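Below are the chains, spelled out letter by letter.
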Amino acid sequence: MRYLPLTPHDRSEMLARVGVASIDALFAEAPPAARLDRLLDLPRAQGEIEVERAIGAMAARNLAAGSAPFFIGGGAYRHHVPAAVDHLIQRGEFLTSYTPYQPELAQGTLQYLFEFQTQVALLTGMEVANASLYDGPTACAEAVMMANRVTGRKRAVLSGGLHPHYREACETYARFVGFDLVARDPAPGKEEALAALIDDATSCVVVQNPDFWGELRDWSVLARACHDRGALLVVAVAEIVSLGVVRPPGEMGADIVAGEGQSLGNALNFGGPYLGFFSSRDKFVRQMPGRLVGETVDADGRRGWVLTLSTREQHIRRERATSNICTNSGLCALAFTIHLSLLGEAGLTRLARLNHATAVALAERLEQVPGLSLVTGSFFNEFTLRFPCPAAPVVEALARQGILAGIPVSRLYPDRAELADLLLLAATETVTEADIERLEAGLRGALR
Amino acid sequence: MTVRFTKDHEWVRLDGEIAIVGITDYAQSQLGDIVYVELPHPGSRIEKGKEAAVVESVKAASEVYAPISGEVVEVNDALTADPAKVNADPMGDGWFLKLRLAEPKELDDLLDEGAYQRFVAEQP
Amino acid sequence: MSEWSRALSVQAASDAPSVETFSGNRGLQIEEKLIFEQDSPGLCGVDLAEPAPFRSRVGNVERHGAIGLPGLSEPQVVRHFTRLSQKNYAIDSGLYPLGSCTMKHNPRLNEKLARLPGLADIHPLQPISTVPGALELIDTLAHWLKTLTGMPAIALSPGAGAHGELCGMMTIRAALEARGDPRRRVLVPESAHGTNPATAAACGYAVDPIPANAKGRVDRAALEQKLGPDVAALMLTNPNTCGLFEDEIVEIAAAVHQAGAFFYCDGANFNAIVGRVQPSALGIDCMHLNLHKTFSTPHGGGGPGSGPVALAAALAPFAPVPWVVHGENGFGLVEHKAGPAAQSIGRLKGFHGQMGMFVRALAYMMSHGADGLRQVAEDAVLNANYLRVLLQDDLSPAFPGPCMHEVLFDDRFLKDTGVSTLDFAKALIDEGFHPMTMYFPLVVHGALLIEPTETESKAALDQFAAVVKSLAQDARAGDAARFRAAPRLTPRRRLDETSAARKPILRWRSCVAHQQAVE
Numbered sequence: 011m012r013y014l015p016l017t018p019h020d021r022s023e024m025l026a027r028v029g030v031a032s033i034d035a036l037f038a039e040a041p042p043a044a045r046l047d048r049l050l051d052l053p054r055a056q057g058e059i060e061v062e063r064a065i066g067a068m069a070a071r072n073l074a075a076g077s078a079p080f081f082i083g084g085g086a087y088r089h090h091v092p093a094a095v096d097h098l099i100q101r102g103e104f105l106t107s108y109t110p111y112q113p114e115l116a117q118g119t120l121q122y123l124f125e126f127q128t129q130v131a132l133l134t135g136m137e138v139a140n141a142s143l144y145d146g147p148t149a150c151a152e153a154v155m156m157a158n159r160v161t162g163r164k165r166a167v168l169s170g171g172l173h174p175h176y177r178e179a180c181e182t183y184a185r186f187v188g189f190d191l192v193a194r195d196p197a198p199g200k201e202e203a204l205a206a207l208i209d210d211a212t213s214c215v216v217v218q219n220p221d222f223w224g225e226l227r228d229w230s231v232l233a234r235a236c237h238d239r240g241a242l243l244v245v246a247v248a249e250i251v252s253l254g255v256v257r258p259p260g261e262m263g264a265d266i267v268a269g270e271g272q273s274l275g276n277a278l279n280f281g282g283p284y285l286g287f288f289s290s291r292d293k294f295v296r297q298m299p300g301r302l303v304g305e306t307v308d309a310d311g312r313r314g315w316v317l318t319l320s321t322r323e324q325h326i327r328r329e330r331a332t333s334n335i336c337t338n339s340g341l342c343a344l345a346f347t348i349h350l351s352l353l354g355e356a357g358l359t360r361l362a363r364l365n366h367a368t369a370v371a372l373a374e375r376l377e378q379v380p381g382l383s384l385v386t387g388s389f390f391n392e393f394t395l396r397f398p399c400p401a402a403p404v405v406e407a408l409a410r411q412g413i414l415a416g417i418p419v420s421r422l423y424p425d426r427a428e429l430a431d432l433l434l435l436a437a438t439e440t441v442t443e444a445d446i447e448r449l450e451a452g453l454r455g456a457l458r
Numbered sequence: 029m030t031v032r033f034t035k036d037h038e039w040v041r042l043d044g045e046i047a048i049v050g051i052t053d054y055a056q057s058q059l060g061d062i063v064y065v066e067l068p069h070p071g072s073r074i075e076k077g078k079e080a081a082v083v084e085s086v087k088a089a090s091e092v093y094a095p096i097s098g099e100v101v102e103v104n105d106a107l108t109a110d111p112a113k114v115n116a117d118p119m120g121d122g123w124f125l126k127l128r129l130a131e132p133k134e135l136d137d138l139l140d141e142g143a144y145q146r147f148v149a150e151q152p
Numbered sequence: 021m022s023e024w025s026r027a028l029s030v031q032a033a034s035d036a037p038s039v040e041t042f043s044g045n046r047g048l049q050i051e052e053k054l055i056f057e058q059d060s061p062g063l064c065g066v067d068l069a070e071p072a073p074f075r076s077r078v079g080n081v082e083r084h085g086a087i088g089l090p091g092l093s094e095p096q097v098v099r100h101f102t103r104l105s106q107k108n109y110a111i112d113s114g115l116y117p118l119g120s121c122t123m124k125h126n127p128r129l130n131e132k133l134a135r136l137p138g139l140a141d142i143h144p145l146q147p148i149s150t151v152p153g154a155l156e157l158i159d160t161l162a163h164w165l166k167t168l169t170g171m172p173a174i175a176l177s178p179g180a181g182a183h184g185e186l187c188g189m190m191t192i193r194a195a196l197e198a199r200g201d202p203r204r205r206v207l208v209p210e211s212a213h214g215t216n217p218a219t220a221a222a223c224g225y226a227v228d229p230i231p232a233n234a235k236g237r238v239d240r241a242a243l244e245q246k247l248g249p250d251v252a253a254l255m256l257t258n259p260n261t262c263g264l265f266e267d268e269i270v271e272i273a274a275a276v277h278q279a280g281a282f283f284y285c286d287g288a289n290f291n292a293i294v295g296r297v298q299p300s301a302l303g304i305d306c307m308h309l310n311l312h313k314t315f316s317t318p319h320g321g322g323g324p325g326s327g328p329v330a331l332a333a334a335l336a337p338f339a340p341v342p343w344v345v346h347g348e349n350g351f352g353l354v355e356h357k358a359g360p361a362a363q364s365i366g367r368l369k370g371f372h373g374q375m376g377m378f379v380r381a382l383a384y385m386m387s388h389g390a391d392g393l394r395q396v397a398e399d400a401v402l403n404a405n406y407l408r409v410l411l412q413d414d415l416s417p418a419f420p421g422p423c424m425h426e427v428l429f430d431d432r433f434l435k436d437t438g439v440s441t442l443d444f445a446k447a448l449i450d451e452g453f454h455p456m457t458m459y460f461p462l463v464v465h466g467a468l469l470i471e472p473t474e475t476e477s478k479a480a481l482d483q484f485a486a487v488v489k490s491l492a493q494d495a496r497a498g499d500a501a502r503f504r505a506a507p508r509l510t511p512r513r514r515l516d517e518t519s520a521a522r523k524p525i526l527r528w529r530s531c532v533a534h535q536q537a538v539e
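In the order they appear, the protein sequences are chains A, B and C.
For the first sequence, the tail end lands on 458 under our numbering, and the numbers increase by one without skipping.
For the second sequence, the tail end lands on 152 under our numbering, and the numbers increase by one without skipping.
For the third sequence, the tail end lands on 539 under our numbering, and the numbers increase by one without skipping.
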């Protein structure tokens with residue numbers, strides 16, 4: 011077996027040194043009924059050729075985004091990832107290292123996480139960011155729990171514009187962790203009276219920008235309404251590239267910004283692994299979940315980095331930790347940091363403008379198609395379109411023509427008939443003029 | 029001014045009806061470098077034996093239990109900026125909080141200095 | 021209080037660095053500034069077309085001020101991150117014997133397959149009809165994991181081991197509530213990973229610790245005494261964090277079930293028994309698996325992980341959505357808490373789980389096969405026992421007798437040497453090895469937990485053992501100064517964690533911004 015360096019000779023020599031007759035002696039404490047004295051009914055070992063053939067065959071049966079006009083977003087976005095990113099994250103020193111508990115042997119990981127924290131803080135307009143969480147929805151649920159700790163309250167208000175997966179993750183945590191949620195119904199394109207739901211028991215209001223429907227809003231007034239009642243404003247961001255052209259939540263008065271960083275550096279991967287990011291204000295730092303890297307000096311007085319404020323965490327605080335989280339998304343954070351380093355200020359701004367320009371071009375084309383109307387007013391690279399009929403069958407029909415046309419809202423809200431005629435469409439820098447033409451022609455054909 | 033001690037290594041110094049509370053020199057030496065002290069809100073009521081504060085070193089967080097019951101009238105905000113005061117002067121500048129006593133009789137259950145020193149001497 | 025804390029509080033002796041150079045570099049160790057300190061405004065490492073003129077529809081939320089990101093070209097960025105990588109230790113470069121972390125070789129075939137466009141470049145919400153191969157892959161992975169554990173159901177969505185624990189404890193609570201029997205306490209051994217009590221508490225339970233017995237196993241009498249009608253579950257790691265098989269596990273499971281509670285097993289150490297012991301036959305109701313441990317998906321400097329949870333039939337209806345089903349027209353996906361999933365705890369994270377990790381884990385399992393996976397457990401256990409025997413005369417084994425995949429020592433061998441467990445570990449760094457896990461588990465003093473894994477050769481183990489023995493002898497010979505000053509040969513020597521925690525600096529600030537922040 012190619013991954014096992016012990017030879018049969020090594021094994022017998024080592025067993026003799028250990029002083030047992032056979033390997034079975036070392037498993038003797040397992041109860042006899044649970045011991046397996048036979049091989050399980052699974053295939054035997056295979057070489058690279060066979061494994062690659064089998065998994066390659068599964069891969070070949072999927073329609074890859076890159077081989078079709080592709081307009082799907084909804085919390086996961088297809089951006090071009092520069093070749094250098096994947097090369098660098100596959101360096102074994104990054105890929106095959108552990109959480110940096112021994113700082114002298116992990117200055118590389120610690121320094122890039124410090125850079126990641128800085129990038130997230132800058133992008134979101136906040137003071138401090140952590141070293142990542144699992145993904146956007148779990149980061150959002152962690153934000154609500156942190157707001158509960160900070161305010162000593164247990165009731166969160168959720169916007170109807172919050173991505174359904176973010177809302178559902180919050181609902182699951184709420185039931186078991188023990189806090190209350192008040193969620194507005196989904197109302198694409200409409201203003202929500204969120205401030206009216208804030209009372210003295212409200213720990214936070216959670217909104218998303220751009221929201222699930224693609225709508226961009228200024229949340230400054232809501233932030234003041236929250237703060238007037240001692241509540242926090244949590245802003246979720248599912249498409250972080252938007253912050254290249256959109257005013258950051260920090261400038262709108264957000265207290266916590268949580269969301270999905272997959273867009274930078276990370277592939278679609280059928281939904282994971284992704285990259286939860288999390289930023290907040292300095293004064294709340296001891297209530298933050300997840301790992302934090304801090305600057306310090308070594309015994310020679312030279313600058314270096316360590317994991318810090320660890321007493322918040324499960325490996326020290328055990329049942330009193332701020333979160334049970336242990337692993338984060340280190341390598342995904344590295345991909346994010348490298349991609350954003352390559353882009354820099356000029357590149358991120360241009361990437362965001364290019365996304366917006368492509369989405370505007372798409373919207374302008376589709377607004378001309380009889381029967382279709384735009385539900386979203388202000389948007390970044392994603393918007394909602396109303397059909398004269400249910401959207402899901404149209405998407406299916408276009409998929410058969412090799413066009414991945416967007417997300418029928420009914421996929422995420424199957425029980426809400428009033429949303430069945432809505433389609434969520436995204437356009438990133440990877441979408442071409444020809445892609446838009448094919449989509450438009452496909453839609454005209456389907457709606458005829 | 030009377031000073032009393034607990035077996036959890038807290039001290040209480042009585043100043044009229046106000047009790048000043050902190051951790052002992054032995055406690056700070058056991059904890060090592062203190063990096064953060066979490067204090068209760070002034071105005072809150074704390075109960076004897078229940079958590080009153082949390083003191084953190086780099087790799088440990090320890091609860092400080094209230095040696096007596098009462099209302100918190102003041103906390104030592106200086107510890108937020110400079111937690112090292114607890115290491116440098118635990119019985120002085122490193123005090124944690126001031127309480128208005130609810131049950132003065134609770135003081136009778138605490139150790140006097142001699143008893144506390146004997147207790148510390150028995151620690152491994 | 022914490023011995024670790026005390027050990028850290030003693031600052032390393034600050035003697036002069038061994039070699040002074042003009043640059044601060046030392047051969048292959050090259051000093052590297054932060055990316056923010058290398059800014060050439062206007063430079064960009066990605067060439068993107070400028071969009072044709074268009075009418076902005078961003079509305080009234082257009083960004084005004086600059087973000088503050090530095091500008092660099094591609095060669096500068098590649099060099100920056102290459103230099104950073106050179107400051108890391110990794111399983112690719114050497115033995116990484118971190119107990120309870122399972123740092124084993126990460127096959128590169130798995131990386132290659134995870135990047136196939138048909139797996140990496142598919143969207144989680146594209147029509148189900150366009151991703152039959154992805155669902156088949158998930159279903160195949162589930163089949164392997166169910167067969168290896170003997171459990172009837174597997175929940176795949178949790179993002180990592182701790183998330184899997186949360187998932188498992190939520191399903192247990194949901195099952196108890198469904199039978200109208202809410203309970204309040206969860207029993208957790210003192211030797212458990214910190215995530216266990218943190219998870220139980222996050223799930224709304226009071227945590228009740230169970231002591232270890234003199235053999236390093238759970239004290240069964242103490243456990244049985246604590247069982248009662250308000251106990252929801254026992255969370256037990258097996259093999260446990262002392263590297264020992266819980267030899268009374270069947271009796272423990274029976275007692276737990278007798279009390280009407282569930283038996284949660286932390287499967288972090290499944291790599292010790294995969295293919296040799298079937299968890300379902302141990303009376304386990306629920307067990308998470310860390311794909312990055314047993315199934316070799318890379319740790320990546322702290323994630324991403326993946327934490328599937330194997331469930332007994334009584335818990336399966338409460339599994340989180342989504343899950344893959346076999347339908348009339350091939351595979352389908354249950355994505356909502358309704359119909360067949362009406363009792364589900366709901367959604368734990370976005371989309372369908374850590375697909376990229378599923379691909380790697382499946383490639384690993386298919387490569388090893390049923391025969392190879394059994395050999396994995398055997399070699400992991402043999403390697404650990406071999407190290408135990410090589411080291412037992414110079415270190416102090418915490419418990420007598422054989423171990424499973426990891427071996428635990430305490431710090432008695434350092435008594436009166438003036439050298440702490442931390443110092444000892446740091447000295448190992450100068451010898452070119454990553455240290456073992458220190459000060460965990462908490463049930464022994466100054467713990468040193470060594471897990472070599474099955475991917476180390478006998479020669480590598482011999483060399484490691486020889487170095488550890490030499491260090492132990494040197495410590496006892498009175499050379500404490502060498503240990504307290506260690507490490508001396510790394511890019512950075514011991515770091516001042518006290519200052520880092522007292523005055524946290526958690527991000528870079530430009531000099532201007534820093535000045536403003538201070539004011």
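Be aware that one or more of the hints could be misleading.
Cross-link-like lysine-lysine pairs, in silico, DSS-like; alpha carbons within 25 Å at most [unchecked claim]:
| id | chain 1 | residue 1 | chain 2 | residue 2 |
| --- | --- | --- | --- | --- |
| 1 | B | 113 | C | 478 |
| 2 | B | 113 | B | 35 |
| 3 | B | 126 | B | 76 |
| 4 | B | 35 | B | 78 |
| 5 | B | 78 | C | 523 |
| 6 | A | 293 | B | 113 |
| 7 | C | 489 | C | 478 |
| 8 | B | 126 | B | 35 |
| 9 | B | 133 | B | 113 |
| 10 | A | 293 | C | 478 |
| 11 | B | 35 | A | 164 |
| 12 | B | 78 | B | 113 |
| 13 | B | 133 | B | 35 |
Cβ pair distances, simulated, as ranges [to be verified]:
| id | chain 1 | residue 1 | chain 2 | residue 2 | range |
| --- | --- | --- | --- | --- | --- |
| 14 | B | 102 | C | 76 | 50 to 58 Å |
| 15 | A | 444 | C | 70 | 17 to 25 Å |
| 16 | B | 108 | C | 244 | 31 to 39 Å |
| 17 | C | 67 | A | 162 | 21 to 29 Å |
| 18 | C | 61 | A | 400 | 45 to 53 Å |
| 19 | A | 234 | C | 346 | 32 to 40 Å |
| 20 | C | 360 | B | 102 | 56 to 64 Å |
| 21 | A | 22 | C | 201 | 51 to 59 Å |
| 22 | C | 201 | A | 400 | 25 to 33 Å |
The set of hints was computed from the structure by calculation and includes no laboratory data.
Small disclaimer: the values here were computed from a predicted structure and weren't measured.
Ideal Cβ placement from N, Cα and C applies to all residues, glycine included.
Verification of the hints:
1. 113(B) / 478(C): Answer violated: residue 113(B) to residue 478(C) is near 52 Å, above 25 Å.
2. 113(B) / 35(B): With a Cα-Cα distance of about 22 Å, the restraint between residue 113(B) and residue 35(B) holds, given a limit of 25 Å.
3. 126(B) / 76(B): Holds. Residue 126(B) to residue 76(B) sits at ~14 Å (cutoff 25 Å).
4. 35(B) / 78(B): This hinted pair holds, its Cα atoms lying about 14 Å apart.
5. 78(B) / 523(C): Given pair residue 78(B), residue 523(C) is violated - Cα atoms ~29 Å apart, limit 25 Å.
6. 293(A) / 113(B): The given pair, whose Cα atoms are some 21 Å apart, holds under the 25 Å limit.
7. 489(C) / 478(C): Cα-Cα ~16 Å, so holds.
8. 126(B) / 35(B): holds, 20 Å
9. 133(B) / 113(B): violated, 31 Å
10. 293(A) / 478(C): Violated. Residue 293(A) to residue 478(C) sits at ~52 Å, over the 25 Å cutoff.
11. 35(B) / 164(A): violated, 36 Å
12. 78(B) / 113(B): Holds: residue 78(B) and residue 113(B) sit about 24 Å apart, inside 25 Å.
13. 133(B) / 35(B): holds, 18 Å
14. 102(B) / 76(C): 50 to 58 Å: Roughly 55 Å apart at Cβ, these two residues keep to the hinted range, so it holds.
15. 444(A) / 70(C): 17 to 25 Å: Holds - the Cβ-Cβ distance for residue 444(A) and residue 70(C), about 20 Å, lies within 17 to 25 Å.
16. 108(B) / 244(C): 31 to 39 Å: violated, 46 Å
17. 67(C) / 162(A): 21 to 29 Å: About 51 Å separates the Cβ atoms of residue 67(C) and residue 162(A), which means 21 to 29 Å is violated.
18. 61(C) / 400(A): 45 to 53 Å: For residue 61(C) and residue 400(A) the Cβ distance comes to about 51 Å; the hint holds.
19. 234(A) / 346(C): 32 to 40 Å: violated, 53 Å
20. 360(C) / 102(B): 56 to 64 Å: holds, 60 Å
21. 22(A) / 201(C): 51 to 59 Å: holds, 53 Å
22. 201(C) / 400(A): 25 to 33 Å: violated, 43 Å
Of the numbered hints listed earlier, those contradicted by the structure are 1, 5, 9, 10, 11, 16, 17, 19, 22.
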